[in-house]
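Asker: Residue numbers (the working numbering), protein chains in the order written: chain B, 1 to 100; chain S, 1 to 98.
Please note: incorrect hints may appear among the correct ones.
[Unchecked claim] Listed below are the simulated DSS-like cross-link pairs for lysine-lysine, each with C-alpha atoms no more than 30 Å apart in a straight line: (1) B/Lys68 - S/Lys79; (2) S/Lys85 - B/Lys3; (3) S/Lys8 - B/Lys3; (4) B/Lys3 - S/Lys79.
Think of the hints as simulated: they come from the structure by calculation, not from any bench.
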Amino acid sequence: MRKVHDRGGWPNEDPIDHDEHEMEEWERQVDALNSVLGEKGLKNTDQLRRAIESLDIKSYESLAYYEKWTAAMEMLLVEQGVMTTEEIDAKMNSMQPEQK
Amino acid sequence: MANNGAAKYKPGDLVRVKVGVPPTHFRTPEYIQGKEGRIETLWGAFPNPESLAYGGDGLPAQPLYQIEFSQSDLWRDYKGNSGDKLFIDIYEHWLEEI
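Model the full assembly from the supplied sequences, consistent with the hints where possible.
Answerer: Here is the structure:
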């Protein structure tokens, strides 16, 4: 069975969304973090792709483009022992959601 | 890169893409597998992404080819022009001679 990311020829009648959109700040931050991790030798493009491809189908379908990158970078950092899932979760829990 | 000496195929050669879905990372989409095409360009040899994806060194480097397919060979009931082509880059270890 083909993997979730292998989309060529999947039947779908939905129109393609060609709308441009401004990058949001968090998306720029994710892109920057990805570059830094690459420069430090903590990931390469193929590793990032492999991690994204390993997402379960529900996550793959629901996460936005840079959310997939974020999930993949977390996977790779945990895998290499740079940080643990517990540390990441603890930090997330300690932060309050931004006030709109 | 670009050590072309060891490349098995040359432009014009007919090849078939191997069929397989290894549990590991690979860059050969399902829709092209088992299809026959023609070598258009040899780009050179590059570290193998199937090794790089797991922190490996990607060696030995794999020759990478641009391959030409007829769209009507790829899609059932293709409704475009009969001369439409698809060009895709495939690594040598995913190809077999016809």
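Asker: Hints first: check each against the structure and report whether it holds.
Answerer: Outcome of the hint check:
Annotation: proposed proximity of lysine 68 of chain B to lysine 79 of chain S is violated, straight-line Cα distance about 34 Å (limit 30 Å). In summary, the hint linking lysine 85 of chain S to lysine 3 of chain B is supported, as the alpha carbons are separated by about 25 Å, within the 30 Å threshold. Only pairs whose Cα atoms come within 30 Å are accepted, and lysine 8 of chain S paired with lysine 3 of chain B is accepted, the gap being roughly 29 Å. Taking the CA atoms of lysine 3 of chain B and lysine 79 of chain S, the gap is near 27 Å; set against the 30 Å cutoff, the hint holds.
Of the numbered hints given earlier, the model fails hint 1 alone.
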